[in-house]
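So the chains spell out like this:
2 protein chains.
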Amino acid sequence: MTETIESLQHLAEQFGRLQGVGKKSAMRMAFSVLELDENEAIEFARAILEAKEKIHPCPICGNLTDEELCYVCQDENRDRRVICVVEDVKAVRSIEKVREFRGVYHVLGGVISPVNGMTPDRIRFSELLERVKESEVEEVIIATNPTPDGEVTAMYISKALRAMNVKVTRLAYGIPVGTDLEYTDEVTLGRAFEGRRDL
Amino acid sequence: MTETIESLQHLAEQFGRLQGVGKKSAMRMAFSVLELDENEAIEFARAILEAKEKIHPCPICGNLTDEELCYVCQDENRDRRVICVVEDVKAVRSIEKVREFRGVYHVLGGVISPVNGMTPDRIRFSELLERVKESEVEEVIIATNPTPDGEVTAMYISKALRAMNVKVTRLAYGIPVGTDLEYTDEVTLGRAFEGRRDL
Numbered sequence: 278m279t280e281t282i283e284s285l286q287h288l289a290e291q292f293g294r295l296q297g298v299g300k301k302s303a304m305r306m307a308f309s310v311l312e313l314d315e316n317e318a319i320e321f322a323r324a325i326l327e328a329k330e331k332i333h334p335c336p337i338c339g340n341l342t343d344e345e346l347c348y349v350c351q352d353e354n355r356d357r358r359v360i361c362v363v364e365d366v367k368a369v370r371s372i373e374k375v376r377e378f379r380g381v382y383h384v385l386g387g388v389i390s391p392v393n394g395m396t397p398d399r400i401r402f403s404e405l406l407e408r409v410k411e412s413e414v415e416e417v418i419i420a421t422n423p424t425p426d427g428e429v430t431a432m433y434i435s436k437a438l439r440a441m442n443v444k445v446t447r448l449a450y451g452i453p454v455g456t457d458l459e460y461t462d463e464v465t466l467g468r469a470f471e472g473r474r475d476l
Numbered sequence: 278m279t280e281t282i283e284s285l286q287h288l289a290e291q292f293g294r295l296q297g298v299g300k301k302s303a304m305r306m307a308f309s310v311l312e313l314d315e316n317e318a319i320e321f322a323r324a325i326l327e328a329k330e331k332i333h334p335c336p337i338c339g340n341l342t343d344e345e346l347c348y349v350c351q352d353e354n355r356d357r358r359v360i361c362v363v364e365d366v367k368a369v370r371s372i373e374k375v376r377e378f379r380g381v382y383h384v385l386g387g388v389i390s391p392v393n394g395m396t397p398d399r400i401r402f403s404e405l406l407e408r409v410k411e412s413e414v415e416e417v418i419i420a421t422n423p424t425p426d427g428e429v430t431a432m433y434i435s436k437a438l439r440a441m442n443v444k445v446t447r448l449a450y451g452i453p454v455g456t457d458l459e460y461t462d463e464v465t466l467g468r469a470f471e472g473r474r475d476l
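For the protein sequence lines, the chains are A and B, in the order given.
Heads up: the first sequence is residues 278 to 476, going by the working numbering.
Heads up: the second sequence is residues 278 to 476, going by the working numbering.
Think of the hints as simulated: they come from the structure by calculation, not from any bench.
Possibly wrong hints are sitting among the right ones.
Estimated spans, in silico, between C-beta atoms of each pair [claimed, not checked]:
(1) A/Gly386 <-> B/Pro334: 13 to 21 Å
(2) A/Arg294 <-> B/Leu406: 42 to 50 Å
(3) B/His333 <-> A/Leu346: 44 to 52 Å
(4) B/Thr396 <-> A/Arg294: 22 to 30 Å
(5) A/Lys374 <-> B/Lys436: 50 to 58 Å
Note that the Cβ used here is the ideal one computed from N, Cα and C, for glycine as well.
Model the full structure from these sequences, guided by the hints.
Take a look at the structure:
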C-alpha cells in the first residue's frame, strides 16, 4: 500500500506540466502549497486564472501584454524604423534589461526547424514581412538564439528581407554559442548589440 | 520604462512564495502558465484550492491525508508497537519508498531549535509522549535529520522517552551527515533502518 493523497498527486501533476519542472520539484512545490495559508492559496489560484485571462500577444509585435498594445509598441519614444526579431517573449525581457536597444520588437513565437515540423508558416514570419512592407523600416536586427535552428531561421528571414531592400543585421557573436538568450548576462548582451554586423 | 505586465508579475510572486523557488524560476514558471491551454490553467487553479481544502494532518500521527486518518494509521497490518518519529511529512514519503519499515509514524512538524525560537512546545512533542503513554509502544525510532537541530531534537526526545521505559533507537549513520532525509537514496535509507542503534 503506497501513499495516495489524490489531491496532492493531482496538484503535483499540474506543477509538472510547467516547463523545466521535474517530478521531484513538482511534488516539492505541491507540498509547499499546503504550507501556504488559506488566503495565499486563494490568491495563487486567482493569479493563475487572471494571468491566463488578461495576458495576450500584442497584435503588432507578438510580445505579451495585458493591455491593448504591449508597452514597447505603446511607447512613442521607441524607434519604429528598427525592428529586433526574437524567438520568444523571454528574449524581449532579456534585451530590455540591457537598456541598449531603443527600437521595437517582432516576436516570432518559435524558430524554423524542419526536423520538428516547424515550417516558416508556423512562426510569425509573414507578419514580419507585412510589417516591413507597410511601415518605414530601415533595419531589422535578427536576434534569434545562436543555435542551429536559430541560425537557419536568421538566414531564412534575412534572405526574404534583403529582397525587400532593408538592412538586415545579426547580433554580434558576443553571445556564447549554443546557449539561450535568456541565460546571457547583460554585459555580453550589450556588446552583442554594439557589434552587430550586416548579414 | 520597464515591462509591467502586472498579472504576470503577480503570478510570478505566487510561485516565488513556494519553498526553494528563486525569482528567476518563479518568472519562468509564470511564463509557462501562459503556455497552458485554458482548461489546464483552470485545472491548475482548482487543484491548488482543492489540495488546500481537502488535505489536513492525520489526527493520530500528523502525516498528511485527505481522509479521516492517514493511510498508514488506517492500515491494520502496520505494527503500532513501533513508532518512527520524523521531522516532516516529506520524511514519511522517503521512508515509505524503502518499504523496510512496517511500524507507524509520528510527524513532529519541525525540530527543536532555540536559535530559531523552536521550543519543544512548538512541535508535536507532547502528543508523542501522550501516544507512548496511552498505547502499547515498544520502540520509538527517532528519524530526525542528521543535522545539529535534528540531533538536539533526537536527544531531547530520547531523554523524555527513556524515563517512560520504552526502547528508543536512532537511525544508523548510513545517512550522509548534513543532508536532508528527502535527498537520501533508498538503499542508504534502507541500511540506516537495519543498522539502527540504541540511544
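Quick rundown of the hints versus the structure:
1. A/Gly386 <-> B/Pro334: 13 to 21 Å: Check failed, 46 Å falls outside 13 to 21 Å.
2. A/Arg294 <-> B/Leu406: 42 to 50 Å: Taking Cβ atoms as reference, A/Arg294 and B/Leu406 lie about 44 Å apart, which means the hint holds.
3. B/His333 <-> A/Leu346: 44 to 52 Å: holds, 47 Å
4. B/Thr396 <-> A/Arg294: 22 to 30 Å: violated, 41 Å
5. A/Lys374 <-> B/Lys436: 50 to 58 Å: Between A/Lys374 and B/Lys436, where Cβ atoms are some 55 Å apart, the hint holds.
The structure fails to meet hints 1 and 4 from the earlier list, while all remaining hints are met.
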